[in-house]
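Student: Protein chains in written order, with this note's numbering: chain A, -10 to 456; chain B, -10 to 456; chain C, -10 to 456.
Possibly wrong hints are sitting among the right ones.
[Stated by the list, open to error] Restraint ranges, calculated between C-beta atoms of paired labels, are given here:
| id | chain 1 | residue 1 | chain 2 | residue 2 | range |
| --- | --- | --- | --- | --- | --- |
| 1 | B | Pro47 | C | Arg433 | 26 to 32 Å |
| 2 | B | Ala130 | A | Ile(-9) | 57 to 63 Å |
| 3 | C | Asp(-6) | A | Asn447 | 26 to 32 Å |
| 4 | A | Ile(-9) | B | Gln84 | 57 to 63 Å |
| 5 | B | Glu265 | C | Asp285 | 52 to 58 Å |
| 6 | A | Ala238 | B | Thr263 | 47 to 53 Å |
| 7 | C | Pro191 | A | Gly286 | 35 to 41 Å |
| 8 | C | Lys5 | A | Leu17 | 37 to 43 Å |
[Unchecked claim] Reference listing, derived: stretches of chain B covered by chain A, where coverage requires no fewer than 3 residues with Cβ under 8 Å from a Cβ of chain A:
| id | segment |
| --- | --- |
| 9 | 292 to 298 |
| 10 | 345 to 357 |
Simulated from the structure, these hints should not be mistaken for lab results. Note that CB positions come from ideal geometry on N, CA and C, so glycine has one too.
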Amino acid sequence: MIHPDRFFDPDPAIRKVARELHRRVVDLPLICPHGHVDPSILAENRPFPDPTDLIIIPDHYVFRMLYSQGIPLERLGISRRDGEPVETDQRKIWQTFGENFHLFLGTPTRSWLEQELAEVFGIEKTLDGETAMEIYDEIAAKLATPEYRPRELYDRFNIEVLCTTDAATDSLEHHRKIRESDWEADVRPTFRPDWAIHLIGPGWKEEIDRLSQLTSKEVSSYKDFIAALEERRAFFKSMGATATDHGVATPRTEELSAAEAEKIFARALAGNATGEDNDRFTAHMLMEMARMSVDDGLVMQIHPGSYRNHNRALYETFGKDMGSDIPTATEYTGNLLPLLNKYGNDARFTLVLFTLDESTYSRELAPLAGHYPAVRLGPPWWFQDSREGMTRFRELVTETAGIYNTAGFNDDTRAFPSIPARHDCSRRIDANFLARLVCEHVIRESEAEQMIVDLAINLAKQTYRLG
Amino acid sequence: MIHPDRFFDPDPAIRKVARELHRRVVDLPLICPHGHVDPSILAENRPFPDPTDLIIIPDHYVFRMLYSQGIPLERLGISRRDGEPVETDQRKIWQTFGENFHLFLGTPTRSWLEQELAEVFGIEKTLDGETAMEIYDEIAAKLATPEYRPRELYDRFNIEVLCTTDAATDSLEHHRKIRESDWEADVRPTFRPDWAIHLIGPGWKEEIDRLSQLTSKEVSSYKDFIAALEERRAFFKSMGATATDHGVATPRTEELSAAEAEKIFARALAGNATGEDNDRFTAHMLMEMARMSVDDGLVMQIHPGSYRNHNRALYETFGKDMGSDIPTATEYTGNLLPLLNKYGNDARFTLVLFTLDESTYSRELAPLAGHYPAVRLGPPWWFQDSREGMTRFRELVTETAGIYNTAGFNDDTRAFPSIPARHDCSRRIDANFLARLVCEHVIRESEAEQMIVDLAINLAKQTYRLG
Amino acid sequence: MIHPDRFFDPDPAIRKVARELHRRVVDLPLICPHGHVDPSILAENRPFPDPTDLIIIPDHYVFRMLYSQGIPLERLGISRRDGEPVETDQRKIWQTFGENFHLFLGTPTRSWLEQELAEVFGIEKTLDGETAMEIYDEIAAKLATPEYRPRELYDRFNIEVLCTTDAATDSLEHHRKIRESDWEADVRPTFRPDWAIHLIGPGWKEEIDRLSQLTSKEVSSYKDFIAALEERRAFFKSMGATATDHGVATPRTEELSAAEAEKIFARALAGNATGEDNDRFTAHMLMEMARMSVDDGLVMQIHPGSYRNHNRALYETFGKDMGSDIPTATEYTGNLLPLLNKYGNDARFTLVLFTLDESTYSRELAPLAGHYPAVRLGPPWWFQDSREGMTRFRELVTETAGIYNTAGFNDDTRAFPSIPARHDCSRRIDANFLARLVCEHVIRESEAEQMIVDLAINLAKQTYRLG
């Protein structure tokens, strides 16, 4: 069902080299330095409940496409905030999914799912309206067996290290449980303080309260806030974290004076912060995070340029992560000037930049990465984490930044059983990209043989300081 | 002369599949939901006067390229507003065209014309300075025969439905004549109220006067204006229209209060509207048009991002549509927020988005179309309606939005005899795109066989609610 | 070592045609209408000192990549402004380069260098840490021979014409020496008045003083300034110049009244010009330069969109051209409106536009070039002067502007011995691009045979009015 040559150029010369390069990395372990797997599933190691709950309900890549064609989220079992009833018949939801699986033709979601169904669950048929129930039953039966529990899948997937993404106020209890267990796996948290920094976000005050509870001193000033974040970073680091992550509307950076920062923070505590306060404070906190990274060695990641919850009606009914986060044009050259001028030449600092705006690849990101010692480019993010998207990234970035200023692959997923398919896709695309360079006599095959290993595992390990 | 494999990848595996997919759609009827054919030619069915008048003079794609190389428009027979003499020797104009036909090498204009000359007119030679007169005579002779009258060509082209584009104040007399004739063709108008909405455009007041004359009440207020547009939409619908079209500088949307709208409209009537009045009113009218579309079911199309008549000297001498409409960067995510939040989840509403800014394909348009039930992406527009442009569109859009959130093909042309070549080009590019996916094992050939039919006709019919 | 099919698509059909097209231009002379070769090396014709001084130290393409991976510029022998010591052991620097040459895999810098080492210096091994010293010695030995002096290389490279880039206040002494020598070579200056126009740049006042000394009247007003520039242009023209060049932050154009221009210029002389003064004055001076070009026939080039010296710490320590000029998004349609409306229809005027923002290729630049008689598109600039970059340029531009509104190739280099490799790369990419069009039956092979010669030499000669 899954073709051994998938994603390889049909040109026989390229395909031959691509196969050979892919063969060198196909069995290497998976390095997962950035993702959204819920650590509780690995801490508790309970069986996954059923196919629908595993594959459809948590994955906004999946249900956004069904929604775009007029299928209400209620019919897909997505919980409403107001508690109004939604479909609970998991088989019925799966049937709807199967009947509409053609909508995903040509998308990475379909490719990942097909590979996951075939290679993780041994499904031999194509999912459609006819086969949906049969496939549901087959997956459900497997999920009930011990081999399909999370830790067993993790080991079978040959994951060498997996980093999760965690709020600054996460207790990391699940991580503690994993570390204290006799299961030998390298699962690490990542420090993501967005909800503490986003002064005007919903629940900000509660996040500050949690921060107060978790740290040695109540957070009643900007100075306390900084101290609390430093304390939490140290805790994350003690729990294995090697990186931080920052989701921001823009990569604007700007250093405020301590007095200005205190004023804004005080306004926020009083519930009076403005949008501009928030923007400036976020710009300042990126500077602060860079400063702390220079000190504690945590690799800093910036994910800018997503307009979150664009569909407000949907957000109000169902909450966030409903597939309506829409990218916007993003500017790096000017926005990052203060941060890179202050920290970009520092050998202790690593900054991984992501984008949803592909026009910046060749215009801004590759030139920045090809110059500043601190900068590495993250792999194609989100909508661009795909066959064509990854190819464009390599084509637009490599000539200016080379491959050694890129951060290798990360799967960025909350869909745990799709992890092997995602890494395999990336390795295939990189093999195919290098194979074309070999066949166009830009690089030699012996050079490509080292490069494919670097792309598959070494760059991720080096960039994220893993092992 | 016209190679049967044109536009197909030379890779033998891809070419084989592309041929087979193309074979399945090559004889399907043409669905033309958006274009600029003058309905009078079909209403009157008079012979086309001569090759120059048919192919050169009305087509700014053609003469803009000659102009860019220093050939004055006067030498190409383009009428001047001031009545000063221009070249009237049609053979001499055609000769100039032939001598410069190499300028179009590699452009879609040349590909379309070559196919049109070969397949519509049976020309067997390449157009150049040597062959120009011979080819002119051959076309002229054919145009004089009954088989080359507009309706006969329409039938021979196998057009199933053709929509024109018409001002809100068009009487639709030509459409009436066609409908009342015994010629069985499905020719429909499209409601395009740009000139009534563009408060500061030349002739706006006259357009409002025409609106008053054509509707039941004089338009002396914003409220009247809205009522008049609703009345005209109903009339267009009664004449077969299924869609509206809106050419705007930006896709900004913003709802004004009725009082604000009244104030701006009053200023416009008094001749005092400002640029910002116009921008806000246009933004508001897009909201109004969406509201009406929800009610009457007319599909809404937005064509933003062209700076019209950039070359003012040329505009003053020759008028509009002289090839100097130049695209600008276009922003959708923020601009469409109000409209999509109010109407984007409504199952009754279809909004087709076009762009001239390809950087928005993967960044904004595909994510919007892959989420909002109302949104469909129009095919590559204008400069991008080309072999490479259509390929980029599919590559940049499909992975995020699939093909089922795209609107199929439309030829958008005023060059009537080029219609078959344009549809064939699109079908070939789509076949080639799918063939590559098949050969890279992203989709199966059986899946591509359905997809190519959907791309060639079904998506256009569904999106535009035709038949 | 250098594969005869490098840069050609591995598809056998395309490769066959590409080879044949390349064969037709491989031995044609090199037309170099825009570049940064130091004319003194040709005036004096002294042997190049050593490999490091020739290849590494002057080339920020090379050392920026090493710097991006944490190698301090001091270790690469780059002089510090403060005179603090830097590495002076040229062999040690070359060794560092060799050990890190893998960083350039997949970049044009590596491709150019490999071809230069093989074809100019006859090196038969791949540069790496093992071979570095051996290769150094081999190059050094050759540089000491008469055959490797600058003029001998120039002749061997088969350069037909080479234009340098020179400040408005350059005495052109080196050019005079070349012209007065018995060496028959066509070396021409290009008028680049950036430092005289950039009111708030470092050393502006000194540049104005130089201008006063070099011209017939002291520059104490805007009017004097214009007269001085006109005088210098005439001098440059008398020394063979056919073009001017303008590096600007944005392509903003705007005509100031003489009074406004005088006021701004007076503020600048008094040391009080603001950033906005500078922006407006630059916008105005582009208008003035166009006006003068209409008069004197010098071809005008605009290179916008680079944020110069982004890394301020590096700039302060080492000066400019250290690899930290970072592109920004660039807007042409609106910015060029005043200039193109005033001069764009003038047959006497040629304006060559460059960009670092590839999103403008299809959106703005090709539509402008495909309409305005004055506009030609410069070849892919800087980071985009590469295999993939040149291919994207042709794919994004040709369908709208054809090839005859493009300016042919220029190498834009200060790395003199890389010139043949750069032209060969461009000719190969153009041959490959045309070969694909031939194989997809968009153009005929006979047509491509003319087009490849036009792309290789004719368009550059015509655009820059050379010979």
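Student: Now tell me, hint by hint, if it's right for this structure.
Tutor: Okay, the hints, checked on the actual structure:
{"no.": "1", "hint": "B:Pro47 / C:Arg433: 26 to 32 Å", "in the structure": "holds (28 Å)"}
{"no.": "2", "hint": "B:Ala130 / A:Ile(-9): 57 to 63 Å", "in the structure": "holds (59 Å)"}
{"no.": "3", "hint": "C:Asp(-6) / A:Asn447: 26 to 32 Å", "in the structure": "holds (30 Å)"}
{"no.": "4", "hint": "A:Ile(-9) / B:Gln84: 57 to 63 Å", "in the structure": "holds (60 Å)"}
{"no.": "5", "hint": "B:Glu265 / C:Asp285: 52 to 58 Å", "in the structure": "violated (42 Å)"}
{"no.": "6", "hint": "A:Ala238 / B:Thr263: 47 to 53 Å", "in the structure": "violated (31 Å)"}
{"no.": "7", "hint": "C:Pro191 / A:Gly286: 35 to 41 Å", "in the structure": "holds (37 Å)"}
{"no.": "8", "hint": "C:Lys5 / A:Leu17: 37 to 43 Å", "in the structure": "holds (38 Å)"}
{"no.": "9", "hint": "292 to 298", "in the structure": "violated (count 0)"}
{"no.": "10", "hint": "345 to 357", "in the structure": "holds (count 7)"}
In this structure, the earlier hints numbered 5, 6, 9 are contradicted, and the remaining ones agree with it.
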